[in-house]
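Single-letter residue listing:
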Amino acid sequence: MSSNARAGRPSRLTRNLSAKIASVPMMLTAVVIFLGGTLWTVIYSFTSSKLLPRLKFVGLDQYERLWSAPRWLVSIENLAIYGIFSLIFSMVIGFVLAALMDQKIRFENTFRTIFLYPFALSFIVTGLVWQWLLNPEHGIQSVVRAMGWAGFEFDPLYNSSIVIYGILIAALWQGTGLVMCLMLAGLRGIDEDIWKASRVDGIPMWKTYLFVVIPMMRPVFVTTLVIIASGIVRVYDLVVAQTSGGPGIASEVPAKYVYDYMFQAQNLGQGFAASTMMLITVAIIIVPWAYLEFGGGRKRV
Amino acid sequence: MKFRSVIAVLAATVALPVAAGHATDLEVTHWWTSGGEAAAVAELAKAFDATGNKWVDGAIAGAGGTARPIMVSRITGGDPMGATQFNHGRQAEELVQEGLMRDLTDVAERGKWKEIIRPASLLDSCTIDGKIYCAPVNIHSWQWLWLSNAAFEKAGVPVPKNWDELVAAAPALEKAGIVPLAVGGQPWQASNAFDVLMLSLAGKDTFLKVFGDKDTEAAAGPDMAKVFKAADDARRMSKGTNVQDWNQATNMVITGKAGGQIMGDWAQGEFQLAGLKAGEDYSCLPGLGVNEVIATGGDAFYFPLLEDEEKSRAQDALAETLVDPKVQVAFNLKKGSVPVRGDVDLAAANDCMKKGLDILAKGNVVQWTDQLLSADSQKQKEDLFSEFFANPSMTPEDAQKRFVQIIATAE
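Those sequence lines, one after another, are chains A and B.
First residue of the first sequence? That's 1 in the UniProt record's numbering, and the numbers climb one at a time after it.
First residue of the second sequence? That's 1 in the UniProt record's numbering, and the numbers climb one at a time after it.
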């Protein structure tokens, strides 16, 4: 094809030289900033750095303090609840909406816009809107009470045991539209012939979705999973806008712990230890998945 | 072509301030953004501009917790401002130790700050290793209980004269549908309300022993157990507050939805803004009416070390301006705080403010937690008390155990 090929085997280094040169800046950024920054953070998490980073090593002290801090434990628990439920619900609701949308309905554009609209709002705005909606004195509770149900009670943001679900509602409202759009794109990518074939075979529609279409949409599901999961781990602004971690410490999340201790408490060491733990959590999830996905030498669809 | 002219305009706007800069520009960062606060800052800017320099306002919205990280990262990141607000105390301690802040000892000696600034503890918290690093501008005290006279009238009980009477009046208030004590959801409110309870009920000595000397025995002792008992009462009385910000909680007192609130003297600005009169519509009890001691926290300006000679001179001029008697009066009347010097006349002060001035004159003062504890310990304390106030199943004994731990690891 190219003149290179005719001139003999090119060395691996010089093949596609211009493309390689072009990607040098990004590679440098990745290595120096991402990897370097990560290493730096991990190293300094073993020091007693306060306001300024100082290399005074204290071993695992920061980690010991971290894992005995009730607030950190609450944060981890909240992240687990929020993560599992938001993963399940946004996937299920997103897919169901997309499937309904795929039935050649009228005004599809309009519905799609309506469902996707919340995604155009930042988490801060979403959080404030839902803070008002869930406020017992101004929001849903007072509206329902005004309609006659005087005993109606719905104040998740002021109840320590369910506050994280109040945040979950807002997150789902904001994020499901995007999942729906991704799923819809995936559904549109399914060949019409598949549907025709399944109709000829007399397979009910739900079975076709479950056993034929969904397995074919695997790449879309993986993409969606990555997008949702990264959003879960870094959830911060939604909590700040909706409850600022309250009531008490009932809706704290790890990212907020990191920020608060690094900057408000002026304790960098503690913040670095917490962010290192977040990194490890992500690694624990990502590494087995990446191994299954890319490793093992098995080629998947 | 069009693009070029845009660039040219941009370049001109950048170059212009430099070319026009005869008077030295000094950027001053602070977090005073509410109505009354902004008016007070304008007084400082006016006075500084009169010295032939130029005040470049760098207000950062969102209270100290948001502003301080920005200020610190600008100073440590090599982009220092001309001057910046901090609460005097230990917030800027490490920056000073690292040599990033300017030594103001010369200015202080010239202005005889040691003699005029009162109480002396204000200057002490600006002093590190015998050198002065900040210019205090005002005194804010936390130790106030604000009470709504209307709420107590509605409940049919007399307005309390101290904390115990408020606790005793709580059932009557609750029966009338009034929250006895408003405590907003922001963590620092719960934490500081506890500190006020501690200073008022356990007394100055215990307060200083625990927070000053980090004495864990005192922290675990019976005096503190009493304070935790009172915090338990406060927690019960605050049930149903359901607001976040301190001024929303103050508003509950103003509208009579809550009986009282433990809050600093800045709450007074809200009462004044609502047109209420001290003594008639609302009452104030310094030191919760038990122990009339007030703490002297407040605001101060720090000056990052700059290389530019002219800017350094402008910094000196600003430091002198800040403690000038006329500026002190103009600024503090608008801010609602107390001046840092005793030789100024505050005839316009209202009843509650005069009570505070009296206590100050008697010397019943103590250093506040911002001065005694590091930001780290303060944050841990906030975590503890915001959890304690929100979670009724946490016993006072458990809370005290965790409190002792925090004191044990405090520096």
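It is worth saying that the hints were derived from the structure and are not from the lab.
Note that beta-carbon positions come from the ideal geometry of N, C-alpha and C, so glycine has one too.
One should not assume that every hint holds.
[To be verified] Covered stretches of chain A (in silico footprint by chain B; criterion: 3 or more residues with CB under 8 Å from a CB of chain B, positions within the stretch not fixed): (1) 49-57; (2) 94-108; (3) 232-238; (4) 248-258.
Structure-based check of all given hints:
1. 49-57: holds (count 3)
2. 94-108: Per the Cβ count (0), the hint is violated.
3. 232-238: Answer violated; 0 residues pass the 8 Å Cβ test.
4. 248-258: With 3 residues in contact (Cβ-Cβ under 8 Å with chain B), the coverage given for the region 248-258 of chain A holds.
Violated hints, in rising order: 2 and 3; the structure is consistent with all others.
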